[in-house]
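Q: Sequences listed follow chains A and B, in order. Note that this note's numbering has the first sequence beginning at 1, numbered continuously upward. Note that this note's numbering has the second sequence beginning at 243, numbered continuously upward.
By construction, these hints were calculated from the structure, which means they are not laboratory data. Just so it is clear, the structure is predicted and the values come from calculations on it, not from any experiment. Backbone N, C-alpha and C fix where the C-beta goes; we use that ideal spot for every residue, glycine too. Please note: incorrect hints may appear among the correct ones.
[Claimed, not checked] Partial selection, computed: residues in chain B whose CB lies under 8 Å from chain A: (1) S426; (2) D430; (3) E432; (4) A433; (5) M436.
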Amino acid sequence: MSANGAPDLLRLKGIDTYYGEIHILENLNLNVREGELVSLLGGNASGKSTTLKTILGLVQPRNGSVEFRGEEVTGRNTSYRIRQGMAIVPENRRLFGPMTVLENLEMGAYLIRDTKGRKEDFDRVYTLFPLLHERRSQLAGTLSGGEQQMVAMGRALMARPKLLLMDEPSMGLAPILVERSFEIIQQVHQSGVAMLVVEQNANMALSIADRGYVLSTGRLVLQGPANELLQHEDLRKAYLGR
Amino acid sequence: MNWSLFFDLTVSGLTLGSLYALIALGYSLVYGILKLLNFAHGDVYMIGAFLGWYALHALGGPVNPTFTGAVVLFLMFVVAMLGCGVLGVAIERFAYRPLRNAPRIAPLISALGVSIFLQNSALLIFGAAFRDYDTFDLIGVKTYNIGQLFFSVPQLLTVVAAIGLMVALTLFVARSRLGKAMRSTSFDREAASMMGIDVDRVISVTFFIGSALAGAAGVMFALVFGQIYHFMGFIAGLKGFTAAVLGGIGSIPGAMVGGLIVGLAESYATGYLPQGSTFQNLYVFALLILVILIRPSGLFGKAAISKV
Chain A
1 MSANGAPDLL RLKGIDTYYG EIHILENLNL NVREGELVSL LGGNASGKST
51 TLKTILGLVQ PRNGSVEFRG EEVTGRNTSY RIRQGMAIVP ENRRLFGPMT
101 VLENLEMGAY LIRDTKGRKE DFDRVYTLFP LLHERRSQLA GTLSGGEQQM
151 VAMGRALMAR PKLLLMDEPS MGLAPILVER SFEIIQQVHQ SGVAMLVVEQ
201 NANMALSIAD RGYVLSTGRL VLQGPANELL QHEDLRKAYL GR
Chain B
243 MNWSLFFDLT VSGLTLGSLY ALIALGYSLV YGILKLLNFA HGDVYMIGAF
293 LGWYALHALG GPVNPTFTGA VVLFLMFVVA MLGCGVLGVA IERFAYRPLR
343 NAPRIAPLIS ALGVSIFLQN SALLIFGAAF RDYDTFDLIG VKTYNIGQLF
393 FSVPQLLTVV AAIGLMVALT LFVARSRLGK AMRSTSFDRE AASMMGIDVD
443 RVISVTFFIG SALAGAAGVM FALVFGQIYH FMGFIAGLKG FTAAVLGGIG
493 SIPGAMVGGL IVGLAESYAT GYLPQGSTFQ NLYVFALLIL VILIRPSGLF
543 GKAAISKV
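Please construct the entire structure, taking both the sequences and the accompanying hints into account.
A: Spelled out as structure tokens, the structure:
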């Protein structure tokens with residue numbers, strides 16, 4: 001599913017992000033077009049999670065701008081950006097453990113005030129993950145890793161995202177669940193949601209992506225169409241282990 | 243056994259316990275969301291008692307009130323609760339929020355500073371003398387009994403209003419959108435903001451509610467015991483804090499049960515233990531130490547849950 005020629009949904013221009021005096025992201029330029037699935041690859045401490053936090057406004061860049069749906073949102077808070085159509089499946093899922101599955105999904109829809117449409121949102125999530133309907137009264141913290149991944153995904157979808165950010169969806173999951181997780185990512189993508197998927201599992205992430213970026217210690221070192229990156233010598237050596 | 247003494251002590255213990263529970267809830271709510279011990283909380287309770295006094299006198303005073311007694315009482319609570327709520331929000335905004343990402347010890351020092359600031363401001367503004375509520379004419383001196391438990395009107399009002407406020411708070415936190423936002427923020431602040439929850443606003447609401455409950459407790463105390471003064475928040479705050487820790491800090495039912503235990507223990511200690519009316523605080527805090535030694539996380543507290 002190629003989205004070439006579609007307008008930019010998200011654009012990062014010249015981003016420099018620091019934690020204290022430590023330079024985390026250096027002059028980062030990245031874009032996600034409408035309906036596109038983009039992978040952001042890199043090893044530990046390469047700046048992948050910081051990129052997502054910068055996009056969401058959880059950390060402020062020292063230089064550069066974040067544009068979302070044609071509007072500069074650099075100075076806006078996280079709440080505003082979510083309202084404009086971002087959502088995230090965070091690293092390690094970050095569910096609200098002492099709350100029920102239903103309440104976790106409700107928190108995903110926190111900024112959506114029309115109750116009629118919300119019923120349809122629940123239906124959509126329950127159709128995608130029938131298990132969540134069964135488990136809706138169970139405390140999220142008592143679910144297995146795979147089930148928690150479904151809650152995290154469902155919770156993000158409840159926000160009706162135009163851009164879904166995913167931070168390491170394969171982390172901590174058994175191989176069979178990783179595959180299942182990527183099938184679901186594809187399914188959500190095919191329903192028209194643009195995605196930025198941050199992964200260490202480069203092979204898996206590129207196999208479903210339109211394009212990819214590779215980060216190394218805060219700088220982009222490679223970018224291009226996913227099928228080209230899959231063939232790229234340097235990437236294969238560094239990340240694909242072949 | 244002198245049963246009538248026992249029942250009297252029980253009633254006064256329940257009354258005190260209701261006050262401590264309301265104060266403890268403020269400590270617990272704030273701790274739950276910020277992991278901060280808000281040591282200025284007892285002084286907010288003191289300010290509530292004074293706001294109630296000013297409301298009473300603005301409405302014509304206890305002897306010639308502008309409205310009937312029930313209306314005056316209601317308005318005293320409204321003024322004290324709103325005033326304290328706003329005060330709590332302001333304290334968080336100016337004394338704690340700038341230190342949100344500082345080491346944990348910094349906001350604690352700031353809280354002690356706010357406490358002393360409030361006490362001395364009260365001394366400056368209200369003076370050092372005790373003030374009397376003198377609300378006997380306003381409320382009357384009838385007593386009501388539940389079995390052998392004889393309550394004066396202020397005592398009954400305190401217990402019933404405290405139960406009402408606690409039920410309302412419990413429902414609010416369990417069911418409402420904002421209550422759920424409070425719970426998710428207290429579990430994982432960053433994840434809550436990832437849902438679009440305005441965490442600063444949730445924290446403000448938490449301070450408003452906790453401080454409003456303390457304001458209500460301040461008025462209740464003054465109705466029951468008659469006299470208020472600028473330093474009254476210190477020991478009441480410590481007892482409320484004790485109640486919160488005893489019940490398991492961060493836990494709402496824990497704060498309620500902890501409050502009742504501290505109140506009843508204090509009352510029975512006063513009546514039954516040697517030199518109890520002088521040394522009731524010794525016994526109360528001995529109880530705290532005992533409970534904490536046996537159950538460090540308090541009665542309803544969970545041993546630190548690891549995030550999943």
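Q: Run every hint past the structure and note whether it holds.
A: Verification of the supplied hints:
{"no.": "1", "hint": "S426", "verdict": "5 Å, holds"}
{"no.": "2", "hint": "D430", "verdict": "6 Å, holds"}
{"no.": "3", "hint": "E432", "verdict": "7 Å, holds"}
{"no.": "4", "hint": "A433", "verdict": "4 Å, holds"}
{"no.": "5", "hint": "M436", "verdict": "5 Å, holds"}
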